[in-house]
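Participant: Here is how the chains run, residue by residue.
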Amino acid sequence: MSVLMVLRIAIKALARNKMRTALTMLGMIIGVSAVITMVALGTGAQSSIESQIQAAGTNMIMVSAGNFQQGGVRLGQGNASSLTPEDAAAIRDLAGVQYLAAGVNTRAQVVAGNLNWGTQVQGTDVDLPFIRSWPEAYGAFFTPSDVATASKVAVLGAVVHEQLFGVGFDPVGEIIRINNQPFTVVGVMASKGQSGMGQDQDDVVLVPYTTVMKKLRGITFIQSITVSAASATDTSATADRISNLLRVRHKIQPDEPDDFMVRTLEEMASVRVQATETMTALLAGIAGVSLLVGGIGIMNIMLVSVTERTREIGLRMAVGAKGRDVLLQFIVEAVVLSAIGGGIGIALGLGVARGVTAWMSWPTSVTAGSVAVAFAFAAMTGVFFGIYPARKAAGLDPIDALRFE
Amino acid sequence: MAPAVIATKNLLKTYVVGEHQVKALRGVTIDVPPGEFVAVTGPSGSGKSTFMHIVGCLDRPTSGRYWLDGQDVSQMSKNQLAEVRNRKIGFVFQGFNLLTRTSAIDNVELPLLYAGSSQKTSVRRGRAKEMLGAVGLAERLDHFPNQLSGGQQQRVAIARALVNTPSILLADEPTGNLDTKTSIEIMGLFQHLNIERGITVVLITHEPDIAEYASRVVSFRDGVIVSDRAVTGRRDAAEELRKLPPDREEATEPCQS
Numbered sequence: 001m002s003v004l005m006v007l008r009i010a011i012k013a014l015a016r017n018k019m020r021t022a023l024t025m026l027g028m029i030i031g032v033s034a035v036i037t038m039v040a041l042g043t044g045a046q047s048s049i050e051s052q053i054q055a056a057g058t059n060m061i062m063v064s065a066g067n068f069q070q071g072g073v074r075l076g077q078g079n080a081s082s083l084t085p086e087d088a089a090a091i092r093d094l095a096g097v098q099y100l101a102a103g104v105n106t107r108a109q110v111v112a113g114n115l116n117w118g119t120q121v122q123g124t125d126v127d128l129p130f131i132r133s134w135p136e137a138y139g140a141f142f143t144p145s146d147v148a149t150a151s152k153v154a155v156l157g158a159v160v161h162e163q164l165f166g167v168g169f170d171p172v173g174e175i176i177r178i179n180n181q182p183f184t185v186v187g188v189m190a191s192k193g194q195s196g197m198g199q200d201q202d203d204v205v206l207v208p209y210t211t212v213m214k215k216l217r218g219i220t221f222i223q224s225i226t227v228s229a230a231s232a233t234d235t236s237a238t239a240d241r242i243s244n245l246l247r248v249r250h251k252i253q254p255d256e257p258d259d260f261m262v263r264t265l266e267e268m269a270s271v272r273v274q275a276t277e278t279m280t281a282l283l284a285g286i287a288g289v290s291l292l293v294g295g296i297g298i299m300n301i302m303l304v305s306v307t308e309r310t311r312e313i314g315l316r317m318a319v320g321a322k323g324r325d326v327l328l329q330f331i332v333e334a335v336v337l338s339a340i341g342g343g344i345g346i347a348l349g350l351g352v353a354r355g356v357t358a359w360m361s362w363p364t365s366v367t368a369g370s371v372a373v374a375f376a377f378a379a380m381t382g383v384f385f386g387i388y389p390a391r392k393a394a395g396l397d398p399i400d401a402l403r404f405e
Numbered sequence: 001m002a003p004a005v006i007a008t009k010n011l012l013k014t015y016v017v018g019e020h021q022v023k024a025l026r027g028v029t030i031d032v033p034p035g036e037f038v039a040v041t042g043p044s045g046s047g048k049s050t051f052m053h054i055v056g057c058l059d060r061p062t063s064g065r066y067w068l069d070g071q072d073v074s075q076m077s078k079n080q081l082a083e084v085r086n087r088k089i090g091f092v093f094q095g096f097n098l099l100t101r102t103s104a105i106d107n108v109e110l111p112l113l114y115a116g117s118s119q120k121t122s123v124r125r126g127r128a129k130e131m132l133g134a135v136g137l138a139e140r141l142d143h144f145p146n147q148l149s150g151g152q153q154q155r156v157a158i159a160r161a162l163v164n165t166p167s168i169l170l171a172d173e174p175t176g177n178l179d180t181k182t183s184i185e186i187m188g189l190f191q192h193l194n195i196e197r198g199i200t201v202v203l204i205t206h207e208p209d210i211a212e213y214a215s216r217v218v219s220f221r222d223g224v225i226v227s228d229r230a231v232t233g234r235r236d237a238a239e240e241l242r243k244l245p246p247d248r249e250e251a252t253e254p255c256q257s
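Chains as they are written, first to last, in my numbering: chain A, 1 to 405; chain B, 1 to 257.
Keep in mind the hints are simulated off the structure, nothing from the lab.
Fair warning: this is a prediction, and the values are worked out from it, not measured in the lab.
From the three backbone atoms N, C-alpha and C, an ideal C-beta is built for every residue, glycine too.
Do not take every clue at face value.
Stated by the list, open to error - Here are the simulated EDC-like pairs of lysine to aspartate or glutamate, each with C-alpha atoms no more than 16 Å apart in a straight line:
| no. | chain 1 | residue 1 | chain 2 | residue 2 |
| --- | --- | --- | --- | --- |
| 1 | A | 251 | A | 86 |
| 2 | A | 12 | B | 142 |
| 3 | B | 181 | B | 209 |
| 4 | B | 78 | A | 400 |
| 5 | B | 9 | B | 31 |
| 6 | B | 23 | B | 59 |
| 7 | A | 192 | A | 203 |
| 8 | B | 181 | B | 236 |
| 9 | B | 78 | A | 86 |
| 10 | B | 129 | B | 142 |
| 11 | B | 181 | B | 240 |
| 12 | A | 12 | B | 106 |
To be verified - Pair by pair, the computed Cβ-Cβ distance ranges are:
| no. | chain 1 | residue 1 | chain 2 | residue 2 | range |
| --- | --- | --- | --- | --- | --- |
| 13 | B | 165 | A | 351 | 49 to 59 Å |
| 14 | A | 7 | B | 123 | 14 to 24 Å |
| 15 | A | 400 | B | 165 | 44 to 54 Å |
Construct all of the structure, not just a fragment, from the sequences and the given hints.
Facilitator: Given below as structure tokens:
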């Protein structure tokens, strides 16, 4: 008997008891849609983290000074005075380094006219817009000569711009005061939003790092060096070269620990990606349980159905159905149940995922892979849970089956 | 004489129930030539049901031979027997055994679905329609079993039994669930099919008066044939129906509720 014929027989048999068919499918629908929705939520969270990293630049390497230690007192990361502008210059000559910006920060009250705003003053270098792929909204970034002469020029972040001048005002050429010293505004950066770590990257004033060192803090060291590797694949090798160079320059003995720290952005992000991956697996696991329950529901109904339809099976055998035909019919019934249920479940899952994004603005992402896996799993559940009842049906003796009351 | 449709030689059937051996058939030898209408009778436990199961290829004898249409079917595998049932035997049961919630035409079509050859749907439908017409239900193609009277349901079952043009029509207590008048009608249909179309009918019944519609009566007792006689003064169902007072017309009409 052809597969098409078996399919027709199975569909006719399912259509004979529509209510039961619908209820059995419901288990499958809920299971599959739960899996789709949960995986969509998980991968959505993951891809939003990944896109944040992408926005920050995947080939970014952060070099920071180590912790400051004197006697028994240990201050936090970046407080040691070991990292110098000369270190930065040496790193710039390394192979694989494309952009580099020395960094030194301070917090300050920034005043413009009668408005003021407390913010982070970030001393940096001219490469920063390239490292962070961060364009200017007004004016231009400061120049290498500004850095060389420690000029009092400032580039505002979007938040500071808004707080001091208001949206839509071009402040280029205006004077602001940082720690009571006048700075000329040369540009405003475009809004970049929160960083992957949750900081507002726009609440900042960018000035040459030399200016922070000499004019604002009066120090000779720098706190960090931000490096952009020439290629994303070369990032970790470049990070290793930076480590080795700094160990040599700082005369660190082989058995001594580093007095600095080199991290790639990928390393930092991978922790968070791992956390969301675990979460996704957990959610998918819980949803998978409901899929399993749906499958057991199908087996239950198929078993009841075999008992209830014993005479029908006997009759089919009497008019010429072989054991194989009956086996196939019941398996196909189970598979059709779970496949249609799976199909509806996929549609429902897609809808719920869209709804979650629309109403709760959680990022969701439905991949073709997760849809395929959920559907294949549903169909396999049908086969797996259909086989036992089908074998029971096919193993019936036609004489006993016809006599069954 | 034409070669027998059913020929058995020394059929033995032994069941093992627990530790006991039950000898259901103890050597049955019989020939049924084509076109005969045989009634098999006997009290319960006589072995007539076992005989029917073997003749119907639902079961195999423990020993002995059985030729159906000249083909030895006594040693066939289950799958081979299923094919033989599909092509050569039409079953009619006491309880009709129609698929519920399935239209009359779909019920009649059922054996064709298992026939192996991939007939076109239209061919199968046409054949099923033709058979329903032959049993007088041309107007009830799309009725469900629960919309049909007992007699009509049994007619659908007979149409289903005939749809594959079998060698024998095997009826197991076909009138057991029917009232007297409907029983006569169904027996009339069997007689009509037997006489007009030459279909061989094997009727299993424990009612002696129903057996009188056949041309030959074979009686079983304790697993052997105790009598095998031609019927004298055979009952004619069509004649009896004509003599019946026309007070129960509704029996031939569908049960409209």
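Participant: All hints, please: hold or fail.
Facilitator: Results of checking the hints against the structure:
Using a Cα cut-off of 16 Å, the hinted pair residue 251 of chain A and residue 86 of chain A holds, with the two alpha carbons roughly 14 Å apart. Between residue 12 of chain A and residue 142 of chain B the alpha-carbon distance is near 15 Å, which keeps this suggested pair within the 16 Å criterion. Restraint check for residue 181 of chain B and residue 209 of chain B: satisfied, since their Cα atoms lie roughly 13 Å apart, inside the 16 Å limit. Between the alpha carbons of residue 78 of chain B and residue 400 of chain A the distance comes to roughly 15 Å, so the proposed pair stays at or under 16 Å and holds.
For the suggested pair residue 9 of chain B and residue 31 of chain B, the alpha carbons sit about 9 Å apart, so the restraint of at most 16 Å is met. At roughly 15 Å between alpha-carbon atoms, residue 23 of chain B and residue 59 of chain B fall within 16 Å of each other, so this suggested pair holds. For the hint pairing residue 192 of chain A with residue 203 of chain A, the CA-to-CA distance comes to about 10 Å; that is within 16 Å, so the pair holds. For the suggested pair residue 181 of chain B and residue 236 of chain B, the alpha carbons sit about 13 Å apart, so the restraint of at most 16 Å is met.
A threshold of 16 Å between alpha carbons decides the hint, and for residue 78 of chain B with residue 86 of chain A the separation of about 92 Å lies outside it, so the pair is violated. The suggested pairing of residue 129 of chain B with residue 142 of chain B holds, with an alpha-carbon distance near 10 Å, which does not exceed 16 Å. The hinted pair formed by residue 181 of chain B and residue 240 of chain B meets the criterion: a straight-line CA distance of about 9 Å does not exceed 16 Å. Between residue 12 of chain A and residue 106 of chain B the CA atoms are separated by roughly 10 Å; this keeps the pair inside 16 Å, and the hint holds.
Restraint check, residue 165 of chain B to residue 351 of chain A: a C-beta distance of roughly 53 Å satisfies the suggested window 49 to 59 Å. In this structure the hint that residue 7 of chain A and residue 123 of chain B lie 14 to 24 Å apart at CB holds, the actual value being about 19 Å. As the Cβ distance of residue 400 of chain A to residue 165 of chain B is approximately 28 Å, the hint placing it in 44 to 54 Å is violated.
Checked against the numbered hints above, the structure violates hints 9, 15; every other hint is satisfied.
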